[in-house]
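*Asks:* Those protein sequences? They're chains G and X, same order as listed.
Heads up, the first sequence is in our numbering, so the first residue is 426 and it goes up one at a time.
Heads up, the second sequence is in our numbering, so the first residue is 426 and it goes up one at a time.
By construction, these hints were calculated from the structure, which means they are not laboratory data.
Careful, some of the hints might be misleading.
Which copy? The list can't say, so a pair holds if one copy fits it or any two copies do.
[What the hints assert, rightly or not] Under the rule of at most 30 angstroms between Cα atoms (straight-line distance), these lysine-lysine pairs were calculated in the DSBU-like manner: (1) K579 / K457; (2) K502 / K432; (3) K452 / K551; (4) K579 / K445; (5) K579 / K530; (6) K445 / K551; (7) K445 / K493; (8) K530 / K457; (9) K479 / K579; (10) K457 / K502; (11) K442 / K574; (12) K582 / K442; (13) K432 / K442.
2 protein chains.
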Amino acid sequence: MDLTEIKISSEEIFDGKILKVHRDQVKLPNGKTSSREVVDHPGAVSIVALDDDKNIYLVRQFRYPVNKVLLEVPAGKLDGGEDPLDCAKRELAEEVGVAASEWQKILTFYTTPGFSNEIMHAFLAKGLTPHIEDKDEDEFLEVIKIPLKDAVNKILKGEIQDAKTISSILAVAYTLDT
Amino acid sequence: MDLTEIKISSEEIFDGKILKVHRDQVKLPNGKTSSREVVDHPGAVSIVALDDDKNIYLVRQFRYPVNKVLLEVPAGKLDGGEDPLDCAKRELAEEVGVAASEWQKILTFYTTPGFSNEIMHAFLAKGLTPHIEDKDEDEFLEVIKIPLKDAVNKILKGEIQDAKTISSILAVAYTLDT
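Using the sequences and the hints given, assemble the complete structure.
*Replies:* As structure tokens, then:
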């Protein structure tokens, strides 16, 4: 069965300060037409930064849309066509003040493929060294360092509730354990 | 450090066929004001339906925003204040044609807390029996059944790229293995 929907036309219908939305007319697999609204996103990275003692860095950050402080892996948006690895290095330095000598892509995934094109590039970073010169002191976040195993337990106990963080940490934990 | 951002005012700024966006003025932890744009979402469920032989059901579905057929766990949006468990039962019947006698909440998480309030309720369903009377034949999707272990491998090989699916399956696999 061909499940593909074909774009007929596209228009930008919302251009906010942060969010952009476009609406496309599409041809469905059964030949009918329908419309699709999509939140445009530049793509993002997430980083599981693992030290030699199997600790990882997490950031506590207030997330206004869900009105909660969440515990997340360091992450950030691609800056105008930026290479994902360059972005990951930049974000790890800015948010945590750390550089890494070994980088490994662990997952590439879509956060909400039902309504946004956001793609997430998840990296495992090892060989960590302090790199405080690029740390961004203006971000409202707190950095903590905890054993990877404790982070997995926090996921299973519901204390970590961010999808990119859950996906990235469990993938790393699974890969290291098996 | 108090990281909380306080709402000053709120207005709906986009009301599409599918997507709604509101913009709030907020007071930041440093006392300055800023604006936050949020995609409104009713919340959703995802289901890892595990049979007695440790197989799970996945659905192949075209996701227009990312222009790809993705392999995902059965899932769906809450229908006007619907209880998440009721929604999970309904979606499992509609998408897969299966009922379950044992339901367990495995995770509650946010798919994109940076720009949407979507909350995902992930369930593990066991004790599966056919329930084809509510199957929705109009959805454009294909159902497959594969060993849970194969699904984990597909995640690690990059063949499953949906965040709710990755989070839900790895959490179940981790719980069963440890």
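*Asks:* Are the CA atoms of K445 and K493 at most 30 angstroms apart within a copy, between copies, both, or neither?
*Replies:* both (24 angstroms within a copy, 21 angstroms between copies)
*Asks:* Given a CA cutoff of 30 angstroms, do K582 and K442 count as a within-copy pair, a between-copy pair, both, or neither?
*Replies:* neither (36 angstroms within a copy, 37 angstroms between copies)
*Asks:* Within a copy, between copies, both or neither: where do K452 and K551 come within 30 angstroms Cα-Cα?
*Replies:* neither (46 angstroms within a copy, 37 angstroms between copies)
*Asks:* One pair to classify: K457 and K502, alpha carbons no more than 30 angstroms apart. Within, between, both, or neither?
*Replies:* Between copies only: 23 angstroms across chains, 36 angstroms inside a chain, cut-off 30 angstroms.
*Asks:* When no copy is named, should K579 and K457 be tagged within, between, both, or neither for a Cα gap of at most 30 angstroms?
*Replies:* Intra 46 angstroms, inter 33 angstroms, cutoff 30 angstroms: neither.
*Asks:* Cα distance capped at 30 angstroms. Does K530 pair with K457 within a copy, between copies, both, or neither?
*Replies:* neither (40 angstroms within a copy, 38 angstroms between copies)
*Asks:* Given identical chains, is K445 near K551, meaning Cα to Cα at most 30 angstroms, within a copy, between copies, both, or neither?
*Replies:* neither (35 angstroms within a copy, 41 angstroms between copies)
*Asks:* Is it within, between, both or neither when you check K579 against K530 at 30 angstroms Cα-Cα?
*Replies:* Answer is both: 23 angstroms inside a copy and 15 angstroms across each meet the 30 angstroms cutoff.
*Asks:* Should K579 paired with K445 be assigned to within, between, both, or neither, using CA atoms and 30 angstroms as the limit?
*Replies:* Neither, since 34 angstroms and 32 angstroms both go past 30 angstroms.
*Asks:* Could you place K442 and K574 in one of the four classes (within, between, both, neither) given a Cα distance threshold of 30 angstroms?
*Replies:* Neither: 39 angstroms inside a copy, 43 angstroms across copies.
*Asks:* At 30 angstroms max between alpha carbons, let me know whether K479 reaches K579 within a copy, between copies, both or neither.
*Replies:* both (16 angstroms within a copy, 25 angstroms between copies)
*Asks:* Checking an output row: K432 and K442, CA cutoff 30 angstroms. Within, between, both or neither?
*Replies:* both (26 angstroms within a copy, 17 angstroms between copies)
Hints 1, 3, 4, 6, 8, 11 and 12 from the list above are not met by this structure, while the remaining hints are.
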